[in-house]
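Chains as they are written, first to last, in our numbering: chain R, 1 to 645; chain F, 1 to 146.
Since the hints were made in silico from the structure, they are not lab data.
Treat the hints with care, since some could be wrong.
As the list claims (entries may be wrong) - Taking lysine-lysine and the DSS-like style, the derived pairs with C-alpha atoms no more than 30 Å apart in a straight line are: (1) K78(F) with K162(R); (2) K73(F) with K73(R); (3) K161(R) with K206(R); (4) K50(F) with K561(R); (5) K48(R) with K73(F); (6) K73(R) with K78(F); (7) K50(F) with K564(R); (8) K161(R) with K73(F); (9) K256(R) with K449(R); (10) K621(R) with K584(R); (11) K495(R) with K131(F); (12) K55(R) with K256(R).
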Amino acid sequence: MAKKRLWVFLAVLLLLVVGPPSRAWAQAQWTFMVYLDGDNDLESDAIKSFESMAKAGSDANINIVVQFDRAGKDPSYEGWKSCKRFLVTQGMQPVEAQQLADLGEVDMGSPATLTAFINWAESSYPAANYAVVLWDHGSGWDPGTKKLLQALKQATTKAEKKKLLQELQAAKRARPAVKWICEDESHGTMLSLADVKTAINGAGTKVQLAGFDACLMGMVEMAYEIKDAGPAVMVASEEVVPGDSWPYDTILTGLKNNPAWTARDLGSWIVDKYYEYYYNIERGGMTQSAIDLTKMDNLAGRITDLANAMQSSWNSDQALIKTQAQNVMTAINQAVIRNRHSLRNYPGAYGLATYFPIYGFDPQYNANNLALANNTTWDEFLLDYVDHLVGSWIAVAREQSQYFEEANNIDLYDFCDKLVQGTLARLRYTCTPAPYNFEDISQDPGAVKMSILGDDNFETVMLPFVLPFDLPFFGGNHMEISISANGALYFVPYKISFASQPIPSLGISGVNAFIAPFWDDLVPSAAGENGGVYWMRKGTPPDQRMIVQWQNVPHFIEDTKTPKGVTFQVIFYERSPDILFQYKDVTFGNPLFDYGASATVGIQRNSFSGTQYSHNSPMLKNEMALRFRLENGRMVPILQLLLLD
Amino acid sequence: MQCPRSPRSRDLWLALIFLCLMSFPAAAAAKGGAVAEKEAPQGAGRGYPKVAIASIWQNPAAWEGRKIFLEVKFLGWKGGAPHPSITKSDWAIEDGTGVIYVTGRRPPGLDPLADVGRRLQVWGTVKVNPKGVPYIAVAQVVVIPE
Chain R
1 MAKKRLWVFL AVLLLLVVGP PSRAWAQAQW TFMVYLDGDN DLESDAIKSF
51 ESMAKAGSDA NINIVVQFDR AGKDPSYEGW KSCKRFLVTQ GMQPVEAQQL
101 ADLGEVDMGS PATLTAFINW AESSYPAANY AVVLWDHGSG WDPGTKKLLQ
151 ALKQATTKAE KKKLLQELQA AKRARPAVKW ICEDESHGTM LSLADVKTAI
201 NGAGTKVQLA GFDACLMGMV EMAYEIKDAG PAVMVASEEV VPGDSWPYDT
251 ILTGLKNNPA WTARDLGSWI VDKYYEYYYN IERGGMTQSA IDLTKMDNLA
301 GRITDLANAM QSSWNSDQAL IKTQAQNVMT AINQAVIRNR HSLRNYPGAY
351 GLATYFPIYG FDPQYNANNL ALANNTTWDE FLLDYVDHLV GSWIAVAREQ
401 SQYFEEANNI DLYDFCDKLV QGTLARLRYT CTPAPYNFED ISQDPGAVKM
451 SILGDDNFET VMLPFVLPFD LPFFGGNHME ISISANGALY FVPYKISFAS
501 QPIPSLGISG VNAFIAPFWD DLVPSAAGEN GGVYWMRKGT PPDQRMIVQW
551 QNVPHFIEDT KTPKGVTFQV IFYERSPDIL FQYKDVTFGN PLFDYGASAT
601 VGIQRNSFSG TQYSHNSPML KNEMALRFRL ENGRMVPILQ LLLLD
Chain F
1 MQCPRSPRSR DLWLALIFLC LMSFPAAAAA KGGAVAEKEA PQGAGRGYPK
51 VAIASIWQNP AAWEGRKIFL EVKFLGWKGG APHPSITKSD WAIEDGTGVI
101 YVTGRRPPGL DPLADVGRRL QVWGTVKVNP KGVPYIAVAQ VVVIPE
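Okay, chain R solo, but in the shape it has when bound (with noise of 0.2 Å):
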């Protein structure tokens, strides 16, 4: 008895020595949480992203768990359509036989359910760290019909929904403006940036990073509205996503190659593994920031004591707002761990979007109690911009910061920098009829006939080689200038639109600046021997000239060409920042086109402001000449100017 009496005594000895198996031992490094909101019309790409998981898998030291809602509409894997939990390991499909649960039909817009699966995430996999990515549709400031959506989705009579719509429409046109994320279909309901902060607070658990792979996330809103929810990081885009979403493969793989990452390891890892998958694509979300929470509230500070300089002393101490800007831009440094951004779609993309509206500021900026609103003077400034500010130099910042798809949205470094280097002047082309005399180029010897040979494409021209006299350009210096087929002019290497806008607009093909002579849909290829684009340094210093002349270009039409084409040119000078459009000949036998009718003829200095002479009018002439003259123009409100055109 007493033998075995030494025995337990050994054995509980023992036990208090080693101790019971530690969980901590048990634990992983990182449980990585994905809240997969394929509940829309993103379903497909939710599933790839999920595929993109389980590339990487999880391990004894990452656990990779989804929450996975999905609309049914997309028949792979089973076409489910209900919330389904997964710990994704190497090579799982999303289907019922890997599921961990079934949850049925469950409200990814609604707060609740974003806890409850921080909360769950946390007591069945148990890690040192956590992170938490948010993946869906992300919203601009769009109105603000959360509510009457849902209650139009749950309505049962056709006289109550005849009610709402009419509700609905109203909300519309009141336009009240609300930032969401995580559109639940089903349900007809979004999280808004509180309702984030409400979820991710109410979890117990420590989450170290939230990302969101979703459309126009980064802002300052978003980051500072989660300061204090627990997350030390956010990533997030200031621009748009694409449908391929984050590369989860490689991010999960170098999380699982570096378990004791912390979250700001992790977080500098995501800004650059979705760099360098989206660097050679055309077209995408070449914006990716990390920053550090922690630096908000000193970014809000200073944000607010910029915001009431500029309110204050816009027109009195440009040097106090000069020095408030240099600070914010200091704050935002010390906030942002890692920014990549695509220099040439978005060379002022710094990390740090906010919303700085174009046509007017929206009281409902704070529709959702808005912790930057509540606790800055941003919105107040805004609300003073719009009353008093439009056509101050303030405003000449405004107009050539970094914005976004979501066109309310500027980069605050990049504003901050152009106040920091702005001055008072308004740079402005006026433009006035000048005496025509057409220097026709095309039968020079000296003349470079360009090789356009595509349709709607343009050719780049290294101004340093062959020009001794910078180009003029609103004062600026440029080492290049891209020729369009499209009969314009520009300082990036894209193609400009085939559908000629109106000066000032916002661009759709990332040609923001440009000189339009007459920017149509011309096809230079078309043009044969006796026709095309050429370019030429005429007469000798000081008094040298560059001409640009599209000769006998024809028109697109029903995938052809018009009979005739156009002649005209654009004359540069040396001595003169003055910029000449000459027309000789500008009718292509069809009066859809002829006399510019389809065209757009002007200067835009960028999307808010420009000179225009027409657009979709026939107001040029054969034989007549247009003189853009630089002036350091009166201030014309934004407003104004856009009335004006």
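We have chain R already, so just place chain F on it with the hints.
Only chain F this time, still in chain R's reference frame:
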């Protein structure tokens, strides 16, 4: 021109007419399938062919790269066709014959959920993604006033 009288030449004419009749639908199909393209009113499409969405779906390769004009209803993010996955913000349109996605900037203020049903005129270029899904790369959008 006098009508030919001899049986041989009559046969020749009949054969020619038959060939013409046969070649017309073949040419139409080569252009975009059996769904007829609607004629836009003079000036409405500004010289671009008004296309039925169904005809693009019937033969995406035949339409790839072509510039077209569509008169449609906005479907936003309500879907109804395979998504080309260019961006998550691509938006759908429908014209009564079918649904297709558009990639590119929406007109400011056009909400992808609340403005479903708004009438639009869309100019763009037909493109096809690597999986064969056609879509429109937008060049211009006009929202028709309600």
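Hints, one by one, checked against the model:
no. : hint                 : result
1   : K78(F) with K162(R)  : holds, 20 Å
2   : K73(F) with K73(R)   : holds, 21 Å
3   : K161(R) with K206(R) : violated, 42 Å
4   : K50(F) with K561(R)  : holds, 17 Å
5   : K48(R) with K73(F)   : holds, 29 Å
6   : K73(R) with K78(F)   : holds, 12 Å
7   : K50(F) with K564(R)  : holds, 24 Å
8   : K161(R) with K73(F)  : holds, 21 Å
9   : K256(R) with K449(R) : violated, 56 Å
10  : K621(R) with K584(R) : holds, 8 Å
11  : K495(R) with K131(F) : holds, 24 Å
12  : K55(R) with K256(R)  : holds, 12 Å
Going down the numbered hints, you'll see the structure goes against 3, 9, while the others check out.
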